[in-house]
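K.L.:
Here the protein sequences line up with chains A and B, keeping their order. In the working numbering, each residue's number is its place in the first sequence (first place is 1) plus 52. In the working numbering, each residue's number is its place in the second sequence (first place is 1) plus 19.
Since the hints were derived computationally from the structure, they do not count as laboratory data. Every value quoted in this text rests on a predicted model; they were computed, and no experiment measured them. Where is the CB? At the ideal position from N, CA and C, for every residue including glycine. Possibly wrong hints are sitting among the right ones.
As the list claims (entries may be wrong) - Here are the in silico distance ranges between beta carbons for each label pair:
1) B:A108 to A:G111: 24 to 30 angstroms
2) B:P192 to A:A72: 35 to 41 angstroms
3) B:M62 to A:A205: 40 to 46 angstroms
4) B:L64 to A:A216: 19 to 25 angstroms
5) B:D224 to A:E151: 24 to 30 angstroms
6) A:D188 to B:L64: 33 to 39 angstroms
7) B:G182 to A:D191: 39 to 45 angstroms
8) B:R228 to A:D191: 36 to 42 angstroms
9) B:A108 to A:C97: 47 to 53 angstroms
10) A:D128 to B:S83: 46 to 52 angstroms
Claimed, not checked - Heads up, simulated SDA-like pairs for lysine to any residue below, C-alpha to C-alpha not over 25 angstroms straight-line:
11) B:K21 to B:M62
12) A:K208 to B:A206
13) B:K48 to A:D56
14) A:K208 to B:D211
15) B:K48 to B:M62
16) B:K21 to A:C156
17) A:K208 to B:R207
18) B:K48 to B:L176
19) B:K209 to A:G203
20) B:K21 to A:R200
21) A:K208 to A:G92
22) B:K209 to A:V95
23) B:K209 to A:D56
24) A:K209 to A:C156
25) B:K209 to A:R212
26) B:K48 to A:D125
For reference, the chains in residue letters:
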Amino acid sequence: MTADLERAISVVINGVPRGATVPVRWLLSDALRHEFGLTGTHVGCEHGVCGSCTVLVDGEPTRSCLVLAVQMDGHDITTVEGLSRPDHQGGQVLHPIQEAFRECHALQCGFCTPGFLTTIAAGLDARDPSVEISDDEVDELVGGNLCRCTGYANIKKACRHAAAQMREGAKVATLAPEDEELAR
Amino acid sequence: MKPAPFGYADPTSVDEALEVLTAEGEGAKVLAGGQSLLPLLSMRLAAPTTLVDINRLPGLDRISAGTDGVRVGALVRHAQLLASAEASAVQPLLGRATANVAHPAIRNRGTTVGSIAHADPSGEMTAVLALTDGSVTVATAGGRSVIGWRDFFVGPLETSVHGAAVVLDAFFPALPDRSGTAFAEIARRKGDYAVCGAGVVVTLDEDGRVAAARAAYLSVGLVPEVHDLTEAVVGQSVRDADWTAAGELARGLVDPDGDLHASADYRRLLVATLTARTLADAGVEALARMEAA
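Chain A with its partners taken away, still in its complex shape (with noise of 0.2 angstroms):
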């Protein structure tokens, strides 16, 4: 076996299947942003510290500053732009961090924003939805990421405010058909 300093990769990313040739030193984030186009990825740091540049990596919030992407062939990748999804007459819905977000004001400069929306959003997935949140799980939601002119206020409010959307949601979901027609 011989070291290579090129690499062929195949990744899905936001469901799209992509190929490309990358040097073996890039970071992830080097190919999201400059092989693939997909600048809705921001890099801080890049040391893994701040957590803007965090996407998912087969579902779970990876920085994509502390992987390389050679290391992702065959890997299922959602970055902030693959957040939202089509609502099949032309536009997007938001997932519903996204309208927290927007609802709370958890946004200034938006720097950081994708870290925070892809790490909140699947954290917010993989939780039960009918269970209110608690503030120690806001506060794991938010802790691995900085932001420095929003302020954590606002964020943690949109965390609550998602979370409490999700829960209606789930409400909703489980009713008897009856119930739904009543509801209605």
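On the provided structure of chain A, position chain B as indicated by the hints.
P.N.:
Showing chain B alone in chain A's frame:
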């Protein structure tokens, strides 16, 4: 903030990994989770000529918890160990410590064995390996050997293993009967490197009195150290043991350095405080476990 150029190999067997490491020589470095290594590369504090990525090696992503202890494979992520109820049932320090390892996004990728092989004295799992009197299994071309923690940690970011070698797993012995543990750290931001941290084990005698108290610290000293604090509290009942005296004993035993985050004196103060606090918790837990048994 970009790594210097290097070659990359991702072998699919331990033998193949050792072959590449041997062929590439001094400049080769093993890459597991990369959560400590990649920042070093990006900041150009390290510039290996070749990275040997072990993520494709089969069978190393398993945790096996038995009555004697917990064996953690080289590709087990911190998040996986944190989520393992079986591992924490055998050795509660594993769950307690991994909960303090960095942030969730780092724990998803970083490996427990990788952080041990990285030998950072501010790492949680290095301290836990020492406190539990654990060991690692190392593969070299000459075969496999088990190395106890005292012989493994040589200095900050330095182990006794040199040349072509892969650490395959770490073994953490089970918590003994009539014992309890606690783990706490002080960090500027939750999940950041600890300014100081402490892990402790308290063992009681059959009458529920303190028989042994041991502690290991983070960000204190150049290599993990285990301090025996038994003499300060031996024979005392858990409810009114003088844990503060044990903390003061520990303060005198440690020899931390000062840096821009904390002076040496402040670290000694944190050692005393965290020791007293964690020993009290561990004592209560030991009593509860004893009564439940």
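K.L.:
Failing hints, ascending?
P.N.:
Hints 2, 3, 4, 5, 9, 10, 16, 23 are the ones this structure does not satisfy, whereas the remaining hints hold.
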